[in-house]
Structures are given as structure tokens and as C-alpha cells.
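Number of protein chains: 2
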Amino acid sequence: MAKKPLPILDLNAFAFDQGTVPDKALAELIKRRYKTQGPTSMLFYQEPLHIVRGQGTWLYDSKGTKYLDVYNNVPCLGHCHPKVVEAVSQQLSQLNVHSRYLHDTVHIYTEKLLATLPDNIDRLVMTCTGSESNDLALRLARTTTQKKGIIVSEVAYHGNTQMVTEVSPSSFKTQAPPEYVMTVPVAEVTHRGDGAADWFADQVYSAIQTLNDRGFGCAALLVDPIFSSDGIYSDPPGFLNKAVEIVHEHGGLFIADEVQSGFARTGDCMWGFQRHNVVPDIITMGKPMGNGYPVAGVASRLDLLEALCQEVGYFNTFGGSTTAAAAGLAVLNVIEEEGMLENSRQVGAYLKLGLHELQDQNHCIAEIRGAGLYIGLEFSEDGDVNRPDVDKATATLNLLRRDQVLVGTVGKYGNVLKIRPPLCFTRDNADLFLNKLGKVLKELS
Amino acid sequence: MAKKPLPILDLNAFAFDQGTVPDKALAELIKRRYKTQGPTSMLFYQEPLHIVRGQGTWLYDSKGTKYLDVYNNVPCLGHCHPKVVEAVSQQLSQLNVHSRYLHDTVHIYTEKLLATLPDNIDRLVMTCTGSESNDLALRLARTTTQKKGIIVSEVAYHGNTQMVTEVSPSSFKTQAPPEYVMTVPVAEVTHRGDGAADWFADQVYSAIQTLNDRGFGCAALLVDPIFSSDGIYSDPPGFLNKAVEIVHEHGGLFIADEVQSGFARTGDCMWGFQRHNVVPDIITMGKPMGNGYPVAGVASRLDLLEALCQEVGYFNTFGGSTTAAAAGLAVLNVIEEEGMLENSRQVGAYLKLGLHELQDQNHCIAEIRGAGLYIGLEFSEDGDVNRPDVDKATATLNLLRRDQVLVGTVGKYGNVLKIRPPLCFTRDNADLFLNKLGKVLKELS
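Protein sequences, first through last, are from chains A and B.
According to the working numbering, the first sequence is numbered sequentially starting from 7.
According to the working numbering, the second sequence is numbered sequentially starting from 7.
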């Protein structure tokens with residue numbers, strides 16, 4: 007029996023009202039935090055971390071203890087990558103201003119980024135966050151199609167604005183998304199083999215029918231192409247393509263939310279949608295785009311932007327600033343120069359191999375999914391995917407933290423270990439992680 | 007007769023489809039811009055600027071021409087303020103990570119910022135942009151009051167998300183805000199003397215009645231306390247207080263959008279609402295908060311945050327990052343150390359005096375409004391506020407740009423010159439500005 011779904015955002019949260027920590031300095035910081043930031047201020051782990059320094063794949067706490075970072079994708083090139091730090095610092099000291107003046111770096115960056123995308127995607131709107139990007143994308147889709155319905159995956163998370171929260175079922179704690187939102191399951195794709203694309207297309211088709219019945223029509227299918235919050239569903243590659251065809255046939259658009267799967271993360275290609283052999287109408291980007299400097303964007307087509315701009319004005323103060331462009335450009339350059347895509351592919355494959363070896367020894371691991379350096383490890387009782395073991399996933403997470411390794415959890419039941427290190431993760435890092443994970447699993451067995 | 011209102015965001019825009027510029031290099035950059043960014047990418051001035059460097063109150067173009075910046079409030083301490091550049095660069099090289107780990111700077115900053123606010127405001131949620139802040143504020147208000155209606159000023163602009171655009175009448179080009187939004191006029195306050203607060207309260211009361219009649223109720227009155235996009239209405243101080251009382255009496259909340267009027271801008275106090283002797287329930291912040299580094303926030307009360315968090319999760323990846331906190335802290339420190347509030351008050355008063363002298367010689371200036379370093383100069387035919395002269399305002403703006411002085415325009419008709427320099431603006435800067443403005447007005451007379 008599946009356990010009751012938990013709110014996805016709370017799975018790895020320190021409980022302010024219940025948690026206690028032995029370290030007095032830490033307890034004091036936690037108290038100050040609650041007293042000034044309050045309930046939105048979630049802290050990771052049963053014993054939160056007091057981090058003071060980061061470098062590459064390592065984070066250091068206030069006592070000098072070092073942690074292997076197998077979680078953070080925002081510093082995609084590694085913490086404090088010197089080339090990004092230098093580019094941003096340099097630009098900050100020279101000119102940090104909005105995009106209403108012309109500036110070369112902004113144009114060099116825009117052209118370089120668009121060159122990585124399909125030919126039909128010819129315009130970039132820079133924003134500041136992935137939430138802003140998805141918020142704008144939904145408006146572009148609705149204005150262009152003159153329809154309202156949105157299809158997302160069952161446990162989707164697309165950001166934090168009002169509109170984007172409405173299409174993020176994982177954010178709801180008590181109620182459900184509004185009626186114009188239809189969710190589709192995704193987990194089954196893993197077990198459908200050659201029939202995966204047809205099966206997923208059927209789910210989407212059924213959702214379109216419901217949206218039509220409700221009078222909304224389907225404005226867009228919006229998905230994270232690696233379905234991270236659902237529990238990381240990457241395979242078989244191509245399982246999205248028939249669903250996208252059906253959405254197009256019914257006058258809807260396809261929005262690829264590349265906040266998670268973009269920027270070489272999946273190892274196979276620069277963008278997650280490319281693994282599925284589909285061409286989006288809108289591509290949204292965020293998190294890793296500036297290696298930690300707030301940079302985000304919406305890539306789309308001229309006709310979509312024109313449709314929106316006839317109705318309303320759009321301007322983003324921090325979006326496309328000279329410094330945002332400098333940060334973004336440095337990230338693209340380093341991905342190329344340091345072979346991050348290839349590293350993501352190779353080390354990702356190596357890591358997966360090691361995880362499969364651990365699976366052979368541990369029946370609690372039901373499935374290993376993912377691509378490149380985005381891997382999910384599903385914990386289930388006796389390896390049965392129908393009996394999710396959230397307790398084991400949570401225990402593993404916190405024991406790994408004790409053993410100086412940082413990961414997260416995701417999925418409908420929170421029973422999937424989220425393995426998503428910076429892209430500079432090495433084989434040595436992978437060995438260390440596998441070794442520590444192996445020990446923790448033994449301890450828990 | 008008042009001219010037809012123009013979309014506020016377009017008033018100072020270069021027209022891609024009509025504009026031509028003599029400089030070939032500039033024309034080439036403009037072409038690249040349109041081909042890769044498209045219609046959302048607004049450029050300032052009939053002849054756009056190619057800016058390459060900024061320092062203090064100065065911006066420099068690619069030919070080395072220097073411009074006096076009398077417009078930009080994001081670099082509130084001056085372009086590339088060395089202490090902020092250093093603080094941000096230092097933090098970027100040490101640790102740039104989200105807020106799910108504990109970090110001292112984040113807490114030092116939160117406490118320092120909250121200490122500038124009324125006692126009832128005891129919690130800070132850090133976001134990334136003013137738009138995200140207002141989006142969250144509206145949700146806090148609605149969840150807490152269980153009402154939907156929002157009252158804003160007639161030409162309000164509060165940001166760019168779907169929800170915040172809905173409460174930004176100035177963003178609409180063809181349609182009007184939805185029915186749950188009521189707008190109130192503000193311009194009259196200037197002419198009502200002691201009766202200003204009563205008059206404005208009457209407008210708000212009437213809006214509440216309409217919202218009640220429509221079944222929405224009033225969740226919040228949301229205003230920028232200096233009413234910048236409406237045309238800058240600062241006086242008489244206190245004109246907001248009775249309206250806020252009435253909103254509270256009817257179970258609504260008061261949201262002060264301090265994105266424009268906060269951080270010492272008005273010269274009288276740190277926050278715009280303080281000039282009106284009112285205590286908000288929610289305070290939103292943005293633009294100047296990090297002197298250009300993307301930092302924003304929502305300050306509110308524990309009970310409001312708890313109400314929202316019971317329904318949905320909220321997390322902001324870039325909000326409250328170690329670097330955002332370092333940037334914000336440096337800004338607060340420099341405001342104190344360099345006496346920015348006092349400078350805003352003194353130089354603002356000096357500037358206003360000089361503008362009044364110009365008004366004596368130029369009948370086209372109907373009114374001078376504003377506080378501190380946020381001043382509006384209203385152009386009207388023969389000084390009659392009922393005959394807005396948008397052509398003269400636009401001509402003045404573009405001639406000032408020719409003469410190396412940068413300002414903007416705002417207001418319902420776009421006939422108000424927006425004078426809003428960095429807070430380090432000096433008396434010498436003011437003299438230069440007044441001198442050049444005087445010459446332009448003479449040329450136009």
C-alpha cells in the first residue's frame with residue numbers, strides 16, 4: 007500500500023517546533039532564524055548545517071568539517087568557480103545596470119545562448135528567476151492560444167509565484183490545483199518499454215479532453231523534461247515526443263522547463279528536451295544559468311512575444327543586466343572549455359554503474375533512474391515500487407549528512423534519493439559517495 | 007482636454023519599427039538586439055545609449071562621453087559603489103549558496119533590516135525581485151483575510167508576474183485590470199491641503215464598497231507610498247493614514263510597496279510609509295536593496311506567514327542567498343556610514359529649490375512634487391494641470407539625453423519628468439542638472 011503523500015517541499019526539512027540539536031551555537035542560530043525569518047525559512051536535515059565556505063564539489067562548515075556536495079545544481083560548475091567569480095566581480099566593478107541601454111556582453115550572451123537552441127526559437131527574454139520565467143511562459147502560451155488549460159506532471163514543481171504555484175501540485179499542502187490545471191502521471195514510463203511514448207501520450211490526450219470538456223482548452227503542456235520533483239523519470243529517451251505532437255494537434259504549446267534539466271545536466275545534450283527529440287515552443291531556464299548569480303530566461307518565438315506585448319508591457323529590472331549577462335556568458339564558456347557535458351555523461355554513467363552494484367546488494371533499492379549527473383535512487387520495501395519506503399530514504403539522507411555527504415530526496419512519497427552534484431563531479435568524488443552510501447545502507451539493513 | 011492615456015512603460019521607448027539612428031555601430035547593435043530579444047526589449051530614448059562604464063552618479067558610453075545619471079535608483083549608492091562591489095565579490099569567492107543552510111551574514115542582515123521597521127513587522131522573507139515580493143504579499147493578504155479584492159492607485163505599477171501585472175493598471179495596453187482590482191485616483195491630494203487625507207480616504211472607502219458589492223471584499227490596499235508611476239505624489243505627508251485606517255476597519259491589510267520609496271530615497275526617513283505615519287501589515291522591497299545585485303524581500307508578521315505556509319510551501323532559490331545578504335548588508339552599512347538619508351534630504355531640498363526657480367521662468371512647469379531625491383516635474387500647457395503636455399516632457403527628456411543628462415518620464419499622460427538620481431547625488435551634480443535643464447527649457451520655449 008502506498009503511504010499518504012507528503013508535501014514534497016517538507017520532506018527534508020528541519021522541524022522548528024520539534025527539532026533539537028545538541029550543538030549550542032547551532033541551536034542559537036536556528037533560534038535567531040525562526041525569530042526573524044519564520045515559517046517560510048526551511049532548513050535542510052534533521053541537524054541543519056552551518057556552512058561557511060564552498061569550493062568545487064565541497065562545502066565546509068563553521069568547524070572546518072568538509073562535505074561532499076552531491077546535491078547542489080545552482081553552482082553547476084562547482085562552488086565559487088573562479089572564472090565566474092572573476093567575470094561577475096569584474097562586471098560589478100565596471101557597470102551593473104538594467105537592459106534599457108545597449109551593452110555588448112548582453113548581445114554576445116544572447117546570441118551564444120540562442121545558438122544552442124532549435125532554429126525556431128529565435129528570441130530570448132531575460133528574467134531573474136525560474137519562477138519568473140515560467141510565469142511569463144504561461145502568459146505567452148495563454149495569450150497566443152487564447153486557451154487557459156495547463157497540463158503538468160503529477161508532482162510537478164515549477165516555481166513560487168501565484169500563477170506558477172497553481173501549476174505546481176507539489177506545493178499544495180491542503181488543497182488541489184485549480185480546475186484549469188490537469189495533472190498526468192509519469193512513473194509508468196519506466197516500465198512501458200517501447201510503449202512508453204504511446205502510454206504517456208494517452209495520459210496527455212485524456213487531460214486535453216478533460217480541459218476541453220471543462221471549457222478551458224489546452225494552452226500548454228508544461229514539463230521539466232527530467233521530471234525531477236516527480237522522482238526523476240528520464241527514460242526511455244523520446245517518451246515525450248508523441249505527447250507533444252498531440253498537444254500541438256490540439257492547438258496547445260509545449261513548454262520545456264529546463265530549470266532542472268538544462269545546461270548539460272543530463273550528459274546527453276545541453277537541454278533536457280533534446281533527449282526526447284522534441285522541439286518546444288517555449289523554453290524556460292533558471293537556477294544553474296549564472297552558477298549562483300541570479301540569471302534566468304525565457305527563449306521563445308517572435309510571434310509569441312508580439313502577441314503578449316500587444317496586450318501588456320513587460321520589463322524585468324534585474325533580468326538581462328550587464329552582470330547577469332557576464333555571469334551567464336562565463337557559465338557557457340566554462341561548460342565548453344572544461345567539457346562539462348562530457349563529464350556529466352561519463353561520471354554520471356560511472357556513478358550509475360556503481361549504484362547498480364549497490365542495488366544488487368540492497369533490496370531496498372527498487373530503481374535507479376536518471377541521466378548524466380541527475381540520478382534518482384528509489385527506496386521501496388523489498389524492491390517493490392508499489393511499497394515506497396520513505397523512512398529509509400529519509401534515514402539514508404540524514405546518515406549521509408552525518409557522514410559528510412549531502413544529497414536530497416524527491417518524488418511523490420519522498421522515497422527517492424536525489425543525486426545531483428555540481429557538473430565538475432569527478433570519478434573520485436563518485437567513488438567516495440558510493441563508498442559512504444554503501445556503508446550507510448549496510449548500517450540500515 | 008486631457009490627451010488619451012499612453013501605456014506608461016512605452017513613453018520613453020525607442021521605436022524599433024520606426025526609429026533610425028545615424029551612428030552605424032549603434033544601429034548594428036540595435037538590429038542585433040531586435041533580432042535576438044525582440045519586442046519585450048525596450049530601449050530608452052529616441053537615440054538609445056551604448057553604456058560601457060558607471061561610477062557614482064556618472065555613466066560613460068562607448069565613445070567615452072559621460073552622462074550625469076539623474077534616473078537610476080537601483081544603484082542607489084552610486085554606480086559600482088566600491089564597498090558593495092567588494093562585499094559581493096568577496097562573498098562570491100567564498101560561498102554563494104541558497105538559504106537552506108545556516109549562515110551568519112544572512113542572520114546579521116535580517117536582524118539589521120528588521121530593526122529599521124515598525125515593531126509589529128517581525129519576519130523577513132527574502133525573494134529575488136520586487137515582482138516576486140509583491141506577488142507573495144498579495145497571497146499573504148488574501149490567505150489571511152480570505153478576501154480577494156485589491157485596491158491600487160490609478161496608474162500603479164507593481165511588477166511583472168501574472169498576478170502583479172493584474173494589479174498594475176499601467177501595464178495594460180488594450181484591456182483593463184480584472185474586476186477584483188479597484189483603482190483610486192491620487193493626483194488631487196496635492197490640491198486638497200488639510201483635507202487631503204479625508205479626500206483620499208473617501209476614494210478608498212468607495213473602492214471598498216464596490217469590492218464588497220462585487221463579492222470580493224477588500225484583501226488589501228497596495229500602494230507605492232510615493233506613487234511614482236502615477237506621477238510622484240508625496241505630499242502632504244500623512245495623506246495615506248486615514249485610508250489605511252478605513253482599510254483596517256473593513257478587515258483589509260495595508261501593503262506598502264517600498265521598491266521605489268524605500269532605502270532612504272525620500273530623504274525624510276528610511277521608508278516611504280513612515281512619511282505618512284502609518285504602520286503597514288506587509289512591506290515589500292526590491293530594486294535598490296542590493297545596489298544592483300538582485301535582492302528583494304517581504305517583511306511581515308508571523309501570523310501572516312503561518313497562514314500561507316499552512317496552505318502551500320514557499321521557497322526562493324536565489325532569495326536570501328549568502329551573496330544576496332552580503333550585498334544587502336553592504337547597502338545598509340553604506341547608507342549609514344555615508345549619510346545617504348541626510349544627503350537625500352539636503353540635496354533633494356536644494357534641487358527642488360532650483361527647480362522652483364526654473365518654474366518661475368517657465369510656465370510649462372505646472373507642478374514640482376516629490377521628497378528627497380525623488381522629484382517629479384509636471385509639464386502642462388500654460389501651467390494648467392488639466393492640460394498635460396506630454397510632447398514637451400518627451401522633448402525635454404531627449405534633449406537632456408543629447409546634453410548628457412539622463413532622466414525619465416512618468417505619470418498618467420507621461421508628462422512628468424522623473425528625477426531620481428543615485429543617493430550620492432551632490433550639490434554640484436544638482437547645479438549641473440539645473441543648468442542643463444534650464445538651457446533645454448529655453449530651447450523649447
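FYI, nobody ran anything at the bench for these hints, they're computed from the structure.
Keep in mind the model is a prediction, meaning the values are calculated, not measured.
You may find that some hints are simply not true.
Given that identical chains are not distinguished, each listed pair holds provided it fits within a single copy or across any two copies.
[What the hints assert, rightly or not] Once the Cα atoms are required to be at most 16 Å apart in a straight line, the calculated EDC-like pairs of lysine to aspartate or glutamate come out as:
#, residue 1, residue 2
1, K72, E34
2, K41, D110
3, K30, E344
4, K41, D128
5, K442, E194
query = With identical chains treated as interchangeable, where does the CA-CA distance between K41 and D128 reach 16 Å or less: within a copy, between copies, both, or neither?
reply = between (47 Å within a copy, 8 Å between copies)
- First find the shortest C-alpha distance between K442 and E194 inside one copy, then the shortest across copies, and answer within, between, both or neither for a cut-off of 16 Å. neither (31 Å within a copy, 70 Å between copies)
Within, between, both or neither: how does the pair K41, D110 come out at a Cα-Cα threshold of 16 Å? between (45 Å within a copy, 14 Å between copies)
My question is about K30 and E344: at a cut-off of 16 Å on alpha-carbon distance, are they close within one copy, between copies, both, or neither? This pair counts as neither: shortest intra-copy Cα distance 42 Å, inter-copy 37 Å.
*Go through the copies and call it for K72 and E34: within, between, both or neither, with a Cα cutoff of 16 Å.*
neither (22 Å within a copy, 50 Å between copies)
The earlier numbered hints that this structure contradicts are 1, 3 and 5.
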